[in-house]
Amino acid sequence: MRSPEPRRISAAPFAPLLAKELREVLGGRALWIMLLLICPLVGYSFFQALSLYGESSVAARQSAVLAVSLSPFDGILVPTFGAFYVAVTLLFPFVAIRALSHEKESGSLRLLIQLPYRAVTVMLAKALAVMCAWLLASLPVVSAVVIWMMLGGHIAPAETLTLVAGHALYGLLVGAIALFSAAITESAASAAIVTLALTIGSWALDLTIAGRPGLFEWIARLSLTQTLKSFEQGLFSAGLVFGMTLVAASLLALAGIWLRPGDRIQTKLLRSLACSVTTVAALAASVLITFSRDMTEDRRNSFPLADERLLPTLTAPLEIIVHLAPEDPRYVDLQRNVLAKLERAMPQLTIRIAVEARPDADAVSYGSIEYRYGTRSDVSRSTSPREILPIIYGLAGVQLPAPVPSTEYPGYPLVANIDLALVWFLGALPLLIIGAWLWHRRPPSFAFVTVRKGEQA
Amino acid sequence: MDGISPASLRSGIAARPSAAIIEVSGLSKRYGEQVAIADICFVASAGQILGIIGPNGAGKTTLLETLVGLLPADSGAVCLDGQDVSPSRRRQSMFYVPDEVRPYQDQFVGQVLMFFGAVYRRPPAGIAQIIATLELQPVLGKRVHALSKGYRRRLLLALGLLAPHPILLMDEPFDGFDLRQTRQMAPLLRREADNGRALLLSIHQLPHAERICDRFILLAAGRNCGSGTLDELRDRTGLPQANLEEVFLALT
Numbered sequence: 000m001r002s003p004e005p006r007r008i009s010a011a012p013f014a015p016l017l018a019k020e021l022r023e024v025l026g027g028r029a030l031w032i033m034l035l036l037i038c039p040l041v042g043y044s045f046f047q048a049l050s051l052y053g054e055s056s057v058a059a060r061q062s063a064v065l066a067v068s069l070s071p072f073d074g075i076l077v078p079t080f081g082a083f084y085v086a087v088t089l090l091f092p093f094v095a096i097r098a099l100s101h102e103k104e105s106g107s108l109r110l111l112i113q114l115p116y117r118a119v120t121v122m123l124a125k126a127l128a129v130m131c132a133w134l135l136a137s138l139p140v141v142s143a144v145v146i147w148m149m150l151g152g153h154i155a156p157a158e159t160l161t162l163v164a165g166h167a168l169y170g171l172l173v174g175a176i177a178l179f180s181a182a183i184t185e186s187a188a189s190a191a192i193v194t195l196a197l198t199i200g201s202w203a204l205d206l207t208i209a210g211r212p213g214l215f216e217w218i219a220r221l222s223l224t225q226t227l228k229s230f231e232q233g234l235f236s237a238g239l240v241f242g243m244t245l246v247a248a249s250l251l252a253l254a255g256i257w258l259r260p261g262d263r264i265q266t267k268l269l270r271s272l273a274c275s276v277t278t279v280a281a282l283a284a285s286v287l288i289t290f291s292r293d294m295t296e297d298r299r300n301s302f303p304l305a306d307e308r309l310l311p312t313l314t315a316p317l318e319i320i321v322h323l324a325p326e327d328p329r330y331v332d333l334q335r336n337v338l339a340k341l342e343r344a345m346p347q348l349t350i351r352i353a354v355e356a357r358p359d360a361d362a363v364s365y366g367s368i369e370y371r372y373g374t375r376s377d378v379s380r381s382t383s384p385r386e387i388l389p390i391i392y393g394l395a396g397v398q399l400p401a402p403v404p405s406t407e408y409p410g411y412p413l414v415a416n417i418d419l420a421l422v423w424f425l426g427a428l429p430l431l432i433i434g435a436w437l438w439h440r441r442p443p444s445f446a447f448v449t450v451r452k453g454e455q456a
Numbered sequence: 000m001d002g003i004s005p006a007s008l009r010s011g012i013a014a015r016p017s018a019a020i021i022e023v024s025g026l027s028k029r030y031g032e033q034v035a036i037a038d039i040c041f042v043a044s045a046g047q048i049l050g051i052i053g054p055n056g057a058g059k060t061t062l063l064e065t066l067v068g069l070l071p072a073d074s075g076a077v078c079l080d081g082q083d084v085s086p087s088r089r090r091q092s093m094f095y096v097p098d099e100v101r102p103y104q105d106q107f108v109g110q111v112l113m114f115f116g117a118v119y120r121r122p123p124a125g126i127a128q129i130i131a132t133l134e135l136q137p138v139l140g141k142r143v144h145a146l147s148k149g150y151r152r153r154l155l156l157a158l159g160l161l162a163p164h165p166i167l168l169m170d171e172p173f174d175g176f177d178l179r180q181t182r183q184m185a186p187l188l189r190r191e192a193d194n195g196r197a198l199l200l201s202i203h204q205l206p207h208a209e210r211i212c213d214r215f216i217l218l219a220a221g222r223n224c225g226s227g228t229l230d231e232l233r234d235r236t237g238l239p240q241a242n243l244e245e246v247f248l249a250l251t
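Protein chains in written order, with numbering that gives the first Met the number 0: chain G, 0 to 456; chain W, 0 to 251.
Chain G extracted, bound-state conformation (with noise of 0.2 Å):
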């Protein structure tokens, strides 16, 4: 055997880690496993859902008042999404977290780290490998929407694009959390209590302190769960899709940092710390991204289309002043209804809550909201927006709009056959896997690197 003369190394394709890592993903029980823990957790859910939304269309097929109320993405997409939203809270994180620690485990990762790539390059791949896996778990999930287009239902390709572009972000940045705790412990186990105590403690601060006011309301915003909910709602937010994937992507940065063994602790806890810093600012300059547009089909994100064009012409500031505590039920009404629409309507918008806003406070003044728009004010304890806008119309002096003539939504009652969909997700589906994974596990040839001892190369 002649060896090729030695050389020093510094770069290597980017392909063949890239191969390795999707194999170690495919490779491994936990992901076939989480797979099949899907199907039922998805078809039960997606079975719920059909159930229910059947039964409410044999009503609304007589009216159509009912039947407006009869929204596919509400009634089937979300339940169903949210079922794949347990998985991969629970399971998943199981196969990120293999990605990284079945090498830390074998000893192989002392092997990788001297391969000529940055540990970014590394946590990149591992990263790609991880959303492919994310791809494949999301299988059952699309199969859902399949067989709801099959029994005849309506899909509506934008909202549904925004909410399983908020799961996918979810999914990366679960898996980059996973990730970031297998980089910095030393075994599965203790990778996976890091990673399930922020993902299950997400759940907790979202039962035990949101909707309350002042420290817990901000803590309450850091909850993982949170971030789908704009998605949820048909909202798609740059500065929230930004957030996560910033998020995401310090995450996996943090990983590499930790990955290298061979750097000294105070290395890493300084590189950590810039790295943190870095993450810090550009989340706190990203409130500057405002951008949001409305996905949904029956647009509920919205005021009716005349107002959306008259109300961004409004040029003067608008101050609102609430006079209710974050938990009251009427200011979660008007932010649903009003406040959260105004914010993406209007360019110059404040809303204050007022410092005295306690339900045991100033019982005359608690309830009201003041508008305040160049010299004019105004006060009303309504939140609707149907007297909200003309105050903030007569405010401004101008005309209430003209309505725009526009297609009303019509909703999308139906009762389906969902025999279907139990076959398919307790039988069809598990064996289509079991199949697929039995068909991974044969060795492939290895014909075309196989020569004879001693023949020359």
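There's no promise every hint is true.
[Stated by the list, open to error] Label-pair ranges, simulated between beta-carbon atoms:
hint, chain 1, residue 1, chain 2, residue 2, range
1, W, Arg179, G, Pro442, 23 to 33 Å
2, W, Glu245, G, Pro443, 31 to 41 Å
3, G, Ala203, W, Ser87, 32 to 42 Å
4, G, Ala14, W, Lys148, 40 to 50 Å
5, W, Leu248, G, Pro443, 42 to 52 Å
6, W, Ala76, G, Ala273, 39 to 49 Å
7, W, Glu231, G, Ala273, 47 to 57 Å
8, G, Glu185, W, Ser24, 26 to 36 Å
9, G, Arg6, W, Ala76, 52 to 62 Å
10, W, Gly149, G, Ala435, 46 to 56 Å
11, G, Thr207, W, Gly149, 54 to 64 Å
12, G, Leu437, W, Gly149, 42 to 52 Å
13, W, Arg179, G, Ala435, 35 to 45 Å
These aren't lab readings, by the way, just hints derived from the structure by calculation. Just so it is clear, CB atoms sit at the ideal spot from N, CA and C, and this is done for glycine as well.
Position chain W against the provided structure of chain G, taking the given hints into account.
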């Protein structure tokens, strides 16, 4: 592959004087209060096989991992081709094959070899040659976790041979091999050295080390108790006919 006598294996080293490819000075590493290696100094040249000799716990693995940058050293310098090189850049010139590693257990042996071959841009014919030389054909379609200890060691050796770095470090390269297999592998490593690489092998089986290595570093409790060729070590001990084992016992 035929066995080669120790004399013929070591032939040529004296006739092959070359500049130091790696120069280590004052390398030390502690784990808390425990000294793992202390003030290690040595030099190795291209074409040399340097044996790091010592009992279990002597600090052989720590020395190799510190050299390649997998462990942070407390002090000391590692010069490659005369230049002090930071740990993060040493992997450009060195490749370390650890002991007790199951590289990518769930993947097939052929896939692991193809991966390393692709990373180092080795042509399929070159990979095939290494597979043939190490007689890995029967296990290409086996998963790594299913390999016997001997085949796993061959796989690790193959990965080391696929890496084209000028300096190859191997931790217990003959562990898991029987005598016949060791005698088969020794000429293979010699050929690698003859091709211009420097090999640093950590070996605790002294007969194997004596058979293949040109120079030795004798480690005990993390300290360098002697280094040089076997003849130089014999001179230090005053035992002109001693084998490496006797020299080691005399110096440590």
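Quiz prompt | W/Glu245 paired with G/Pro443, Cβ distance criterion 31 to 41 Å | solution = Check failed, 51 Å falls outside 31 to 41 Å.
Quiz item: CB of W/Glu231 to CB of G/Ala273, is that within 47 to 57 Å?
Solution: At roughly 49 Å between Cβ atoms, G/Ala273 and W/Glu231 fall inside 47 to 57 Å, so the hint holds.
Quiz item: Would you say the C-beta atoms of G/Glu185 and W/Ser24 sit inside 26 to 36 Å of each other?
Solution: With Cβ atoms ~32 Å apart, the hint holds.
Quiz item: Should the hint that G/Thr207 and W/Gly149 are 54 to 64 Å apart at their CB atoms be regarded as holding?
Solution: Because 57 Å falls inside the window, the suggested range holds.
Quiz item: Is the hinted range of 39 to 49 Å satisfied by the C-beta distance from W/Ala76 to G/Ala273?
Solution: Given a distance of about 27 Å, which is not inside 39 to 49 Å, the answer is violated.
Quiz item: Range hint 23 to 33 Å: satisfied by the CB atoms of W/Arg179 and G/Pro442?
Solution: With a Cβ separation near 28 Å, W/Arg179 and G/Pro442 satisfy 23 to 33 Å, so the hint holds.
Quiz item: At the C-beta level, are G/Ala14 and W/Lys148 separated by a distance inside 40 to 50 Å?
Solution: This hint is violated: roughly 32 Å between Cβ atoms.
Self-check item: G/Ala203 versus W/Ser87 beta-carbon gap, inside 32 to 42 Å or not
Solution: holds (40 Å)
Practice problem: Using the beta carbons of G/Leu437 and W/Gly149, state whether their distance is inside 42 to 52 Å or not. | Solution: violated (30 Å)
Exercise. Return holds or violated for the Cβ distance of G/Arg6 and W/Ala76 against the range 52 to 62 Å.
Key: For G/Arg6 and W/Ala76 the Cβ distance comes to about 24 Å; the hint is violated.
Quiz item: Do the beta carbons of W/Gly149 and G/Ala435 sit within 46 to 56 Å of each other?
Solution: violated (34 Å)
Self-check item: Range hint compliance [Cβ, W/Leu248 to G/Pro443, 42 to 52 Å]
Solution: holds (51 Å)
Hints 2, 4, 6, 9, 10, 12 from the earlier list are contradicted by this structure; the remaining hints agree with it.
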